[in-house]
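Colleague: In order, the protein sequence lines correspond to chains A and B.
Note that the numbering used here has the first sequence beginning at 261, numbered continuously upward.
Note that the numbering used here has the second sequence beginning at 261, numbered continuously upward.
Worth flagging that the hints you see were computed from the coordinates, not collected in a lab.
Be aware that a few hints might be false.
Same chains, same names: a pair is fine if it fits in one copy or spans any two.
Straight-line alpha carbon distances no greater than 27 Å define the calculated DSS-like cross-link-like pairs of lysine-lysine that follow [claimed, not checked]:
id, residue 1, residue 2
1, 561, 678
2, 616, 598
3, 616, 673
4, 319, 574
5, 724, 708
6, 319, 516
7, 724, 273
8, 319, 565
9, 622, 511
10, 319, 466
11, 616, 576
12, 565, 511
13, 708, 409
14, 448, 319
15, 598, 511
16, 448, 314
17, 565, 694
18, 678, 448
19, 622, 342
20, 565, 673
21, 723, 362
22, 362, 344
23, 673, 561
24, 616, 723
25, 561, 574
26, 659, 448
27, 511, 344
Remember, predicted model here, so these are calculated numbers, not experimental data.
Number of protein chains: 2
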Amino acid sequence: MVEEKKRMLTAKKEENFSEWYSQVIINSEFADYSAVSGVIVFRPMAYFAWDSIKNATSKLFRENGIQDVYFPLFIPERFLEKEKEHVEGFSPEVAWVTHAGKSELDERLAVRPTSETIMYDSYARWIRSWRDLPMRYNQWNNVVRWEFKHPTPFLRSREFLWNEGHTVFATEEEANAERDVILGIYGKILKEYLALPGIPGRKTDKEKFAGALASYSIEHIMPDGWVIQGPDFHNDGQNFAKVFDIKFIDKDNTEKYPYQNTFAISTRELGVMIAVHGDNHGLVMPPKLALIQVVIVPIYKDSNKSRILEAATKLKDLLSGAIRVYVDDRDSYSPGWKFNEWELKGVPIRIELGEKEILENKVTVARRDTMEKSTLGMEGIKEELLAMLDEINERMYEKAKALMLGHIHKVEKFEELKEAVAKGGVARAPWCGKQECEDRIKEETGAKTANMPFEAQDYATGKKCVYCGEAARAIVDFARSY
Amino acid sequence: MVEEKKRMLTAKKEENFSEWYSQVIINSEFADYSAVSGVIVFRPMAYFAWDSIKNATSKLFRENGIQDVYFPLFIPERFLEKEKEHVEGFSPEVAWVTHAGKSELDERLAVRPTSETIMYDSYARWIRSWRDLPMRYNQWNNVVRWEFKHPTPFLRSREFLWNEGHTVFATEEEANAERDVILGIYGKILKEYLALPGIPGRKTDKEKFAGALASYSIEHIMPDGWVIQGPDFHNDGQNFAKVFDIKFIDKDNTEKYPYQNTFAISTRELGVMIAVHGDNHGLVMPPKLALIQVVIVPIYKDSNKSRILEAATKLKDLLSGAIRVYVDDRDSYSPGWKFNEWELKGVPIRIELGEKEILENKVTVARRDTMEKSTLGMEGIKEELLAMLDEINERMYEKAKALMLGHIHKVEKFEELKEAVAKGGVARAPWCGKQECEDRIKEETGAKTANMPFEAQDYATGKKCVYCGEAARAIVDFARSY
């Protein structure tokens, strides 16, 4: 057998997180660096995971009345400049197309960092009457934000894939009612597909989206206690409608500006998934996102090879259709090498099938999440494995949730806040609502506000701002962030 | 009821095809022009159709062992310059990113016109041994080709969506064997999803892909008799492997260059679909690509409104899940207005449901493809409608095929060729294989070679070149082309 260099990880997650993070992504062949700085290549496992997230989200969007569209990649410079906050928020990171072939363009074209401006130019032509509303469109696409901060695969990538929902309503009430629906869909996808918990809440005005009235997010806590913003939802009010002249004739025959929302989930989630679930053996893939859910490793000698490979193929045929299964029958690698390889790639369940197993009409099953081995009889094995895949997702979610909760520290005093942040964690604190306190806390501790968690707001009553001591108006999560 | 301006077509397909083509796309709300010249917006019907093509093709790719990946949108200029023919073929149409934010980039980045160069840079790192082969990857993405010819929605768009398959094999035989598989998949998708026939064949060397050894295509004939190239497949041989230094250690322990193929189907097909199937009432959507397959138009007065809407909803609930169905219960439009609207949008089946239908426990059914009305009893209506949708696709395909065949003229003399081309058609002619004759024919008639149809090659034996009279080596389709 060929002895190839094993691509095992040398960095430890608990010792050098960022080196471990790179190694796990590259060595598992999940993704790779590209020749374009700050942009990665999605190899089959990564693209399959994203495509699964996309398809599941898209299905829920459709069931909810949201339709997919596709708008141009390029945005004329004059559009981006129309909305002041918006252009200030994005123009420092815009990639500009200036030439086509040998010709210089009359007007520079932005490679979309987000598509509000080009979409709303069309919306203004399409929307005429209350009968055209609500207009709830979404697109799945690639966007470019040429950030000059240190890029990190998935977490901070100069090109990424996402959905951008852009919906328009006749009334403010309808627009506001969409928030819980969308955050509910995102939360469901995170839990059921990525096995990830999150903290839904409202962003402070300082941290809201450039151009929005109010922004909402689901925040994740990374293993090091720093937070990273997950899916988000923005109430844009009539802001863009006024700038882009989107108007409709209402039932009462008067002309009105409609209310708009935007929302997104991106490939950043794959980075959170890797960081939260992965371990020192490699990736741990949530079953629904795993390109291979069950790998069968046949264990044989020359003398029993054909019999064992036949049994492996039979088992594969039995499982196919219900489970994404692969038989690793490569002659040139030892079973031990294969075990390491599939652990590195995070395949949820490994089945070992050798002479002993065949004689006893059972298989040995190794779970990637717990690394535990057990034995399964062949009777009803498909159903057992399906149940085990569900159980793995559930356990991964619960483990991640416990990890997340362990990083949240409810504090009321500034000293406690500093301490919580310093040891790498989230300080959940009462806040007066003034940006001055938010700014000061950032200056003194490096912690930004993540969001104001919905579930924590009751605690604000009677509390005092962690910084200035005035009456608290909200409970906010302060943390260092990615 | 509000009387809105009807968006009926004023141009006739047979009188002014290009004006008709624009009107049918814009007025039906299938797509729209954007603020970026030469780039269109895919509205929900168009994006649904493309997404359906994508999903169906992707499924067949996967079943065949092809995996999806995602590579960066941007390609460093030095990569594009590596392959001489390739750069000459694409650089006149490349959109160049020169700035990010306020900074000028050190190296210009091409917005991908196709991804060979950036993909093969990674392939060179990933492929080491025969065990890594075949490597059969594909990506679904957006590409930009800033053509300066007159852009036409879908048919010639500066940004379009497509798949690009890029596969690598250890041997030439394996690489060559992939051709029929891929053209077979594309042909199946065209027939079953777009109801479109096509002519598979090999491109002449003059018309082959920039960088390929041999190119193959499925050509479509448009209603005016001009041809347009559909899906294609290219044998690249070891050409790119040598340029990008993709090498592998074979079983015999020697280092070799592998063999590569590329293949694509694009959103251009939506333009062909519209052009071939559409009529003077508007779009005629193939059922599998129709966002709405069956529209129920309830016909009521104030007195029976609730009863009839209730029956319409009941019917909708019965069909949902199996059929994409929509009840048009808008009060502000008359039934006649709605009929026109859904005909314009090409919805395959319209159901009319009024007092008479309810009393007789039946519905009136209007087929978009034939514009014929019939009556269907409520008993087994779901199965009847499903069968009708299949029948519509089949009839649309057969009709399109007859139209295509009617445009093909087998010719042996140059005078016949000129005549066939002049009256708007394809001249299928014997050819000596020399580019000089191909060039002269183009100069004198405006006709380019479409391809050398596989099915017609037998006829070449004993024939003489339509231009020079030397022994024919192939049968070629000459036609004006889009």
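Colleague: So, for every hint listed, does it hold in this structure?
Modeller: Hints versus structure:
1. 561 <-> 678: neither (61 Å within a copy, 70 Å between copies)
2. 616 <-> 598: Intra 19 Å, inter 70 Å, cutoff 27 Å: intra-copy only.
3. 616 <-> 673: Classified as neither; 63 Å inside a copy, 76 Å across copies.
4. 319 <-> 574: This pair counts as between: shortest inter-copy Cα distance 23 Å, intra-copy 34 Å.
5. 724 <-> 708: within (19 Å within a copy, 80 Å between copies)
6. 319 <-> 516: neither (32 Å within a copy, 46 Å between copies)
7. 724 <-> 273: Neither. Shortest intra-copy (38 Å) and inter-copy (73 Å) distances fail the 27 Å Cα cut-off.
8. 319 <-> 565: Result: close neither inside a copy nor across copies, 44 Å intra and 33 Å inter.
9. 622 <-> 511: neither (69 Å within a copy, 35 Å between copies)
10. 319 <-> 466: For residue 319 and residue 466, the Cα distance exceeds 27 Å both inside one copy (33 Å) and across copies (45 Å).
11. 616 <-> 576: within (18 Å within a copy, 56 Å between copies)
12. 565 <-> 511: Between copies, since 21 Å is at most 27 Å while 76 Å is not.
13. 708 <-> 409: within (17 Å within a copy, 52 Å between copies)
14. 448 <-> 319: Classified as both: same-chain Cα gap 12 Å, cross-chain 26 Å, threshold 27 Å.
15. 598 <-> 511: between (67 Å within a copy, 20 Å between copies)
16. 448 <-> 314: both (13 Å within a copy, 26 Å between copies)
17. 565 <-> 694: Neither, since 72 Å and 56 Å both go past 27 Å.
18. 678 <-> 448: neither (33 Å within a copy, 64 Å between copies)
19. 622 <-> 342: neither (67 Å within a copy, 55 Å between copies)
20. 565 <-> 673: neither (68 Å within a copy, 65 Å between copies)
21. 723 <-> 362: Answer is neither: 64 Å inside a copy and 45 Å across each miss the 27 Å cutoff.
22. 362 <-> 344: So residue 362 and residue 344 pass the 27 Å test across copies only (17 Å; inside, 33 Å).
23. 673 <-> 561: neither (67 Å within a copy, 69 Å between copies)
24. 616 <-> 723: neither (65 Å within a copy, 69 Å between copies)
25. 561 <-> 574: For residue 561 and residue 574, only the intra-copy Cα distance (19 Å) is at most 27 Å; the inter-copy one is 63 Å.
26. 659 <-> 448: within (17 Å within a copy, 46 Å between copies)
27. 511 <-> 344: Classified as neither: same-chain Cα gap 32 Å, cross-chain 62 Å, threshold 27 Å.
Violated hints for the displayed structure, listed by number in ascending order: 1, 3, 6, 7, 8, 9, 10, 17, 18, 19, 20, 21, 23, 24 and 27.
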